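Participant: One line per chain: the protein sequences are A and B, in this order. Be aware that the first sequence starts at 108, since it is given in my numbering, and climbs by one per residue. Be aware that the second sequence starts at 108, since it is given in my numbering, and climbs by one per residue.
These are computed hints drawn from the structure, not numbers from a lab. Quantities reported herein were computed from a predicted structural model and do not represent experimental measurements. Worth double-checking, as some hints may not be accurate.
Pairs count within a copy or across copies, as identical chains cannot be separated in the list.
Pairs of lysine-lysine residues, derived as DSSO-like cross-links and limited to a Cα-Cα distance of at most 30 Å, are as follows [as the list claims (entries may be wrong)]:
no.: 1; residue 1: Lys-292; residue 2: Lys-543
no.: 2; residue 1: Lys-171; residue 2: Lys-331
no.: 3; residue 1: Lys-292; residue 2: Lys-365
no.: 4; residue 1: Lys-171; residue 2: Lys-543
no.: 5; residue 1: Lys-245; residue 2: Lys-171
no.: 6; residue 1: Lys-481; residue 2: Lys-292
no.: 7; residue 1: Lys-481; residue 2: Lys-543
no.: 8; residue 1: Lys-171; residue 2: Lys-526
no.: 9; residue 1: Lys-331; residue 2: Lys-481
no.: 10; residue 1: Lys-171; residue 2: Lys-365
no.: 11; residue 1: Lys-543; residue 2: Lys-526
no.: 12; residue 1: Lys-481; residue 2: Lys-365
no.: 13; residue 1: Lys-365; residue 2: Lys-543
Protein chains: 2
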Amino acid sequence: MIQLFQEELQVLNVGLASFGEAIAGAGGQVTQIAWTPPAQGDRAVADALANLVNRPEIEAANRKAFAAYLAAQPVLEGIGVAGEALPGMTGRMILHAGPPIAWERMCGPMQGAIVGAILYEGWASDPEAARDLAASGKIVLEPCHHHAAVGPMAGVTSPSMPVWIVRDATHGHRVFCQFNEGLGKALRFGANGRDVIDRLRWMARDLAPVLAAALATLGPVEIKPLMAQALHMGDEVHNRNAAATGLLLKRLVPAMLKSGSARDAVAAAVEFIAGNDHFFLNVSMAACKAMMDAARGVPHSSMLTAMARNGVEFGIRMSGTGDRWFTAPAPVVDGLYFAGYSIADAAPDLGDSAITETAGLGGFAMAAAPAIVKFVGGTADDARANSERMGHIALGQNPAFTLPALNFAGTPAGIDARKVVDTGILPIVNTGIAHKAPGIGQIGAGITQAPLACFTQAVLALAEESGGDL
Amino acid sequence: MIQLFQEELQVLNVGLASFGEAIAGAGGQVTQIAWTPPAQGDRAVADALANLVNRPEIEAANRKAFAAYLAAQPVLEGIGVAGEALPGMTGRMILHAGPPIAWERMCGPMQGAIVGAILYEGWASDPEAARDLAASGKIVLEPCHHHAAVGPMAGVTSPSMPVWIVRDATHGHRVFCQFNEGLGKALRFGANGRDVIDRLRWMARDLAPVLAAALATLGPVEIKPLMAQALHMGDEVHNRNAAATGLLLKRLVPAMLKSGSARDAVAAAVEFIAGNDHFFLNVSMAACKAMMDAARGVPHSSMLTAMARNGVEFGIRMSGTGDRWFTAPAPVVDGLYFAGYSIADAAPDLGDSAITETAGLGGFAMAAAPAIVKFVGGTADDARANSERMGHIALGQNPAFTLPALNFAGTPAGIDARKVVDTGILPIVNTGIAHKAPGIGQIGAGITQAPLACFTQAVLALAEESGGDL
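Chain A extracted, bound-state conformation (with noise of 0.2 Å):
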């Protein structure tokens, strides 16, 4: 005792940073570990963790859930129209992003372009007359996830909208996305003037038909090796897709030329494609959606299968516990803005692109990309520590999608609900910014995180379902 008192103090100080700083103070040598207790402290969680840890049912779960998301094999396999295409998806339905929601509680963008929905499938004539209907209970409101899809930022997809049709050649199952419209004024960020649906008409009247020729004419093309190739580019396929959609368009536009499509519009659809960094994003999101639909469905599996936000609630599903939905209020993003905007005109975190992050993609993989984060201020070292710390909630790395600035390491793939509670360490989402209010379109971009209650929530669940069985 008297003897470790001579010698010079060294400590390492765990949680609480004042501790240390006092000792510090005093002339000692600390380090600072970061600790907080699991589950913030909250007992019943605790409990529940514990007795989900080191379960060997639990991690053979994660093992398969895990496997079939690697083994996964999306496929490009042709355009589709949403009410023909989609299972489930009838009569008067207008899908939406996130967990299942009311039009009364849905925020500003997502109401903006349901109204633009109504006015581009015409069953309304003006804005008004849409609102009503929508409100009037007449339209079945939906989410995309409930009828194999997904769709960026309010997600809005009704019958006429034409599709990618992406099928999971390894288990079978089709994942279905509308395509994107690009920047400024869009459907997707709550825009619903005249310009946004003269453009969804086009999208459907002009550019499926050449897209769906161009795909018939090159057969089924693979998307992961597409998607490895863009990580390696400067993407990390969620909000950045300027690789991706030129390697995409690189593919494509022989198939156009040979297949029977005019000239003029393959020229316009060429045209549209190079002018819209983002087109690949809904391709990246059907893609992941099929990877993480291969692994739904696993007893007993804490591994996530989606997270997504209808804009008020984020949602997210975990294999074990099926198509239930956990959700917590939708964080807004601290962001970078658009000049004239600021974080009060923000509609809180929306979309269900975060399947990206959920397949071990996007703010993921940002090591990939660090121009997403320079975008908001970050470092090249910043994107790197991002991927870096997404590993520790991740069960595994995927072979497929290598990271060039962590020496080709594989992206952190498969979140472990159990891990993001116990370390605290929450899920990075890339996202896109809507305004609050309906009808104005994006103001910014920014980097956000899963809320802790929506995963304390499916380790509650699971540990009660698993509790008996296990």
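Here the structure of chain A is known, so what remains is to put chain B in place on it, guided by the hints.
Facilitator: Same frame as chain A, but now just chain B:
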């Protein structure tokens, strides 16, 4: 003195590591500083160097040359034919890469490529007759660099080959480069079979008119923004041009479709370009030469304006010494060889493509393209370290070309011959490797260094020329 030896021994060891190892062996704490005497201890060179350091005239000349390099704005202006477009290219003349060299001394792949060019021009009907004609002295053989041109690997350019026309919109001069043929059997690697000649004919007959019509429709295309984007997408625009090729194609396709070109010709052109990730290399090289030519002929400047290899000698040109070449034996590249080949099969370093490194790209921008170092066994850290090391021999950074992995710092650019001799840090060059025998083609790729002897000669020459009037 007594006190010194009572304290713990902490040593900085400069230069020879063995001194430090002895101290470390005896328990001392040693920090090793890498250092070699300037000019590897050569007294005459060291004197010349001492005479050139901190001379206001040289610093001013370098500022002027560097500023001209930065101000250059190369634009893709159109397509020409070598024999009509290149200054001074008349009659039966064939251009080659690197500094001047006679037929007898040329390496195998360069002779192979010249034989191919003679067959392509129809000046001989079989390879043997072509070889005799080349050896007869009736064909004038001169460097591309003497005719405002550059060419990758053998760089062989004959009168009826189509060329890119690149103009420096700031200073007005023009630079030329033939088209890239793709990988595998290609003239630039010394192959000259039927397929190689047929492809060259197709490029002149079919590809060139489609590109010419597209560029006429599009108007001049600024090349630097395109290269800058590619640096953010994993290219260093020398050995990796996948993103840049895609970006160029994205610009060209809509213009191809709008121009009068036949649909089949457009389809064939797009398919050829989309299938050759190196297609942009020749545009990159012409743009780099345009930037470096802007910096030519500034009296007293020690800034390099060209590095080029003919497969026997490595040559450099310096702004202050005009068109004079300083040469040394070209190194053999210890790179990654295709299956069945080794360094014993390799021709020494070859090609004008080191103009990209001269312009701060290629090996100097390696931090942008970790895939290049991975290809030869390195890591992403090595890639960053390469770009950082090149900063020690550069006059500055180019803010037009930023490197994401170095937090968007500009590429090190403007190689100062004095700094190379002073530090012993040699410019690195990313390169392809050709078989040493004519007619075979590419057998590998790797990373090499410019020989120090070129730089010591340049420093001696600058000291001699500048001696009187400084």
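Participant: The structure should be examined with respect to each hint, and the outcome stated for every one.
Facilitator: Hints versus structure:
Taking identical chains as interchangeable, the C-alpha atoms of Lys-292 and Lys-543 lie at most 30 Å apart only when both belong to the same chain, with a minimum of 14 Å there against 59 Å between chains. In this assembly of identical chains, the alpha carbons of Lys-171 and Lys-331 lie at most 30 Å apart only when taken from the same copy (20 Å versus 49 Å across copies). In this assembly of identical chains, the alpha carbons of Lys-292 and Lys-365 lie at most 30 Å apart only when taken from different copies (27 Å versus 33 Å within one copy). In the homo-oligomer, the alpha carbons of Lys-171 and Lys-543 never lie at most 30 Å apart, since the shortest distance is 41 Å inside one protomer and 53 Å across protomers.
In this assembly of identical chains, the alpha carbons of Lys-245 and Lys-171 never lie at most 30 Å apart, being 42 Å within a copy and 73 Å across copies at closest. For a Cα distance limit of 30 Å, the shortest separation of Lys-481 from Lys-292 inside one copy, 24 Å, qualifies, whereas the shortest one across copies, 42 Å, does not. In this assembly of identical chains, Lys-481 and Lys-543 lie within 30 Å of each other by CA distance solely inside one copy; the values are 25 Å within and 46 Å between copies. Taking identical chains as interchangeable, the C-alpha atoms of Lys-171 and Lys-526 lie at most 30 Å apart only when both belong to the same chain, with a minimum of 17 Å there against 58 Å between chains.
In this assembly of identical chains, the alpha carbons of Lys-331 and Lys-481 lie at most 30 Å apart whether taken from the same copy (26 Å) or from different copies (21 Å). For the homomeric pair Lys-171 and Lys-365, neither the shortest alpha-carbon distance inside one copy (42 Å) nor that between copies (52 Å) is at most 30 Å. Taking CA atoms no more than 30 Å apart as the test, Lys-543 paired with Lys-526 passes in neither setting, with 33 Å inside one copy and 57 Å between copies. For the homomeric pair Lys-481 and Lys-365, neither the shortest alpha-carbon distance inside one copy (41 Å) nor that between copies (37 Å) is at most 30 Å.
In the homo-oligomer, the alpha carbons of Lys-365 and Lys-543 never lie at most 30 Å apart, since the shortest distance is 45 Å inside one protomer and 41 Å across protomers.
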